[in-house]
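**Q** Using the sequences and the hints, build the whole thing.
Protein sequence lines correspond, in order, to chains S and R.
Residues 1 to 339, numbered by this note's numbering, are exactly what the first sequence covers, in order.
Residues 1001 to 1087, numbered by this note's numbering, are exactly what the second sequence covers, in order.
Keep in mind that a hint or two might mislead.
Said to hold, decoys possible - Quick list of simulated restraints, FRET-style, between CB atoms:
| id | chain 1 | residue 1 | chain 2 | residue 2 | range |
| --- | --- | --- | --- | --- | --- |
| 1 | R | E1064 | S | G142 | 25 to 31 Å |
| 2 | S | R246 | R | N1062 | 48 to 54 Å |
| 3 | R | G1019 | S | D164 | 29 to 35 Å |
| 4 | S | D164 | R | E1064 | 18 to 24 Å |
If you are wondering where the hints come from, they were derived from the structure by calculation, not from laboratory data.
Cβ coordinates follow ideal geometry from the N, Cα and C atoms, glycine included.
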Amino acid sequence: MSDPRYARQALFAPLGQEGQRRLSAARAALVGCGALGTHLAEQLGRAGLGFLRICDRDFVELDNLPRQVLFDEKDAADRLPKSVAAAEKLRRINSALQVDSRIVDVTAANVEALIEDVDLVLDGTDNFETRFLLNDACMKLGTPWVHGGCVGSYGQVMAILPGDTACLRCWLEHLPPPGSGPTCDTAGVLGPAVGVIAALQAAEALKILAGRRDAVHRGTHTIDVWTNIHQTIGAKRNPDCPSCGRKTFEFLAVRAGSLAMTLCGRDAVHISPAAPARLDLADLERRWAALGRTSRNPYLARLEADGCELSVFSDGRAIIKGTEDPARAKTLYSKYVGA
Amino acid sequence: MARATLILPGMLHESIGSGRLRVEGRTLGEALEDAYRRVPALRLHLCDEDGGFRVHILCFHNGERQPLDTPLEDGDEILILQAVSGG
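**A** Shown next as structure tokens:
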């Protein structure tokens, strides 16, 4: 018997009662519960998804609230973990949704265990290193995933069906080195841009989970909500792709990822990026100018922000003082250095 | 010499001053060099120190990834996309 709660959605013929039934039995994992992640969780939770595992390593802060739609001022005051705060809101929105909240830094060591029992993985991360890891894990396990990324007024979306469509590494072959591109914390981000990108991700997710893979867009969408440019472009599979082609899965090998190591007794964490970088320290300091006190010498650039001091070397290494938590240090590195 | 349109990602409009450039060349590579001559700052945004595209910059010629020696025809479209990491 049909559930009247979802009548309007099931009335949409390409989804129908059968699609709705499949959605209610479906299991998804969300990796990263920030701006994209909270939109994704809310849209799929309201749509009647059966099970959602939320994986995030961060806690809620006041400056998250303009974009991260599941959080409020009390969550920030309480510094609640994002996966916990999101799960509480989702349970109030839809009590039939099973939510599994995990306070976790998704790494090569745990990624397969976190996604092996789901039908789909949703990308809510803020860095390419984790996305390359997700891509390898999904290609290895044969699990579809929906990539999204957003900075400023612009973002991209790509649905990936293993063995069928191009994967992330067919499209973006190499891991962008740290500091090579803008991040939300250096170039800013608009809430409506995040909303549009997450909505496109959610639409692709609905198609996959409702059993309508025929309707999935095979390629990438890019949208800029400020310049009003929308591009859709096909993406071809690369037979020599290291992930979906040759299946070498180098990001699943722990050594391929960046390393975060606590420096004993120094209240600091050392970060080594996955790929060596040659940072332009003057450019890095210029991008940081509005974010906190900065300084620079020929060897490193320094930023005081979020209660910590980031010292970033030109080869991409960083020492983050003021924390002994590797997950928090990696979050700060992603925010202020990027990739 | 063929005439093509180079379409840039919105994030570069502020610094470049335009989202589209008319470019000329016999090949894709020559058309890009023409764009760099017209707007020198573009090379800094798109290319690394070795002169190749930065890792997060993707170039499509009439919707396909093509080598830089691909011949150009009048009316071709060269699309630059920028993969962004935020979320």
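**Q** Against this structure, judge whether each hint is valid.
**A** Evaluation of the provided hints:
no., hint, result
1, R/E1064 <-> S/G142: 25 to 31 Å, "holds, 28 Å"
2, S/R246 <-> R/N1062: 48 to 54 Å, "violated, 28 Å"
3, R/G1019 <-> S/D164: 29 to 35 Å, "holds, 33 Å"
4, S/D164 <-> R/E1064: 18 to 24 Å, "holds, 20 Å"
In summary, the one numbered hint that this structure violates is 2.
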